[in-house]
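Chemist: Sequence:
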Amino acid sequence: MAAAMHLEGLRRQYAVDRQRWKFLNEETKFSKYDATKIAEPPKAPRRVKTFSANLNRNVQEVWWPFRTERPYTGCLKKRLSEVDYFTQCDELNIGIHLCFTLCAYDTMFTYIGLAQSAAFAELSQVQEVRRTTTLSHELTSLITATFLIGVQYTTSHGQSIRGMQYTAIAIAIIGFICQRYASNYLELDSDMSLEGERQLESEDWKIISIQVLKNKNFLAFVFMNFGQIFHKTFSSSFFNIFSRDVIPETALKSHFILFSSGIMFFLPQLIVLGVFAPALPKVGAFRIVMTSHIITMFSPIIIYILGMQHPYLIILYMTIDSGLASATFSLFNMLVADVIDSDTAMYNRKKPISSIIFGLNALFTKPAHSLCPMLVVNILTRYGYQETDETKSLSVQNAEFHMLCLLPVCIGLYQILIWSNYSLRSTHEKTEADKTTII
Numbered sequence: 000m001a002a003a004m005h006l007e008g009l010r011r012q013y014a015v016d017r018q019r020w021k022f023l024n025e026e027t028k029f030s031k032y033d034a035t036k037i038a039e040p041p042k043a044p045r046r047v048k049t050f051s052a053n054l055n056r057n058v059q060e061v062w063w064p065f066r067t068e069r070p071y072t073g074c075l076k077k078r079l080s081e082v083d084y085f086t087q088c089d090e091l092n093i094g095i096h097l098c099f100t101l102c103a104y105d106t107m108f109t110y111i112g113l114a115q116s117a118a119f120a121e122l123s124q125v126q127e128v129r130r131t132t133t134l135s136h137e138l139t140s141l142i143t144a145t146f147l148i149g150v151q152y153t154t155s156h157g158q159s160i161r162g163m164q165y166t167a168i169a170i171a172i173i174g175f176i177c178q179r180y181a182s183n184y185l186e187l188d189s190d191m192s193l194e195g196e197r198q199l200e201s202e203d204w205k206i207i208s209i210q211v212l213k214n215k216n217f218l219a220f221v222f223m224n225f226g227q228i229f230h231k232t233f234s235s236s237f238f239n240i241f242s243r244d245v246i247p248e249t250a251l252k253s254h255f256i257l258f259s260s261g262i263m264f265f266l267p268q269l270i271v272l273g274v275f276a277p278a279l280p281k282v283g284a285f286r287i288v289m290t291s292h293i294i295t296m297f298s299p300i301i302i303y304i305l306g307m308q309h310p311y312l313i314i315l316y317m318t319i320d321s322g323l324a325s326a327t328f329s330l331f332n333m334l335v336a337d338v339i340d341s342d343t344a345m346y347n348r349k350k351p352i353s354s355i356i357f358g359l360n361a362l363f364t365k366p367a368h369s370l371c372p373m374l375v376v377n378i379l380t381r382y383g384y385q386e387t388d389e390t391k392s393l394s395v396q397n398a399e400f401h402m403l404c405l406l407p408v409c410i411g412l413y414q415i416l417i418w419s420n421y422s423l424r425s426t427h428e429k430t431e432a433d434k435t436t437i438i
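Start counting the sequence shown at 0; every next residue gets the next number (numbering that gives the first Met the number 0).
Among these hints, one or two may not hold up.
[As the list claims (entries may be wrong)] Here are the simulated EDC-like pairs of lysine to aspartate or glutamate, each with C-alpha atoms no more than 16 Å apart in a straight line:
id	residue 1	residue 2
1	350	203
2	365	203
3	215	340
4	281	127
5	350	340
Think of the hints as simulated: they come from the structure by calculation, not from any bench. Bear in mind the structure is a predicted one, so any value in this text is a computation, not a measurement.
With the sequences and hints as input, model every part of the structure.
Modeler: Right, here's the structure in full:
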């Protein structure tokens, strides 16, 4: 309806411009523009919604001489300038603003993640230092997760747009201060850094990228990481939808589901600190990740065999599956750091190419964030997710349960097959004596 009304307004304005153009041609005989010879133009018919009186007068005074020579362009430019003033375009403007904001946020988030990951890889080659850094990061994330409770109050549980804006500004300022502090106090070996930069400048970035893409360990990690991001996005984004549709309202109390969705903010950090931390020095990150893939593959098979008659087991499985996927993802910086060390030793580089490796990894894995919801929503729509009748809702419930169980099985099997080709499996055995200077 809004688009039709806007097109009707464009049609009327085009007709008015044509009428004014013919009127001016008759008066001026196509002579050079002279404001004293041009009579007052005819009044335009009333439109859906126009400017204020002052703005209308200014537009006529400014754009009228131009439109006598360019009627079509003048009409288009004026219509484009009126987009924000039509109430029918509010949803379009909001959508454009949302898309632009999300793209800008995701781009900047990628840059920050790139800097953080590169710093993690280049600070030290000692596995003990990297493990300590990983655990410190998870501990900080656990503390930060508690601040989400305060954000609920500052934003009035997401109802206050002004509170959300102020909260976002405050978070941005804190992030800028932390980033500035890290960049100022990061200690580097300047001589070795300059020597490495000269070497990188002498090499073609295309050749370096091809060398990275030929690395079997890098390819194994990238393809496995794609599946992990897909699984992580699936388990976290559709938790509330599946818990509402698959589990009947009378089977579980609402506060139990709310508790399960709330603990998802803390569970990944608790798994890393309580389970992964003691196991990392003994078995290494490779075996922990492989074990996680095996659990991801076999646990939904058990739930599928038991069926939908056990709501408590379903909600418990959904919570653990989401937490385990996020916790395993937290170890990936250690794995990429091993790939960077291997690449540096293989090609005798003076300086590790951390940014290039992390950038290529992000290039191939970022699409998983968008492909997951697109695929899931498309499948659910085919089974009538948008319908409201009881027959359709039953088919949607069955489709969601099958997807909840079968999709993790496929992802787990895919990751096991890919991750079996990763050969850097004993890097956790490095000690202080094996340390080599990188920076």
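Chemist: Looking back at the numbered hints, which does the structure fail to meet, lowest number first?
Modeler: When the structure is compared with the hints, only number 2 turns out to be violated.
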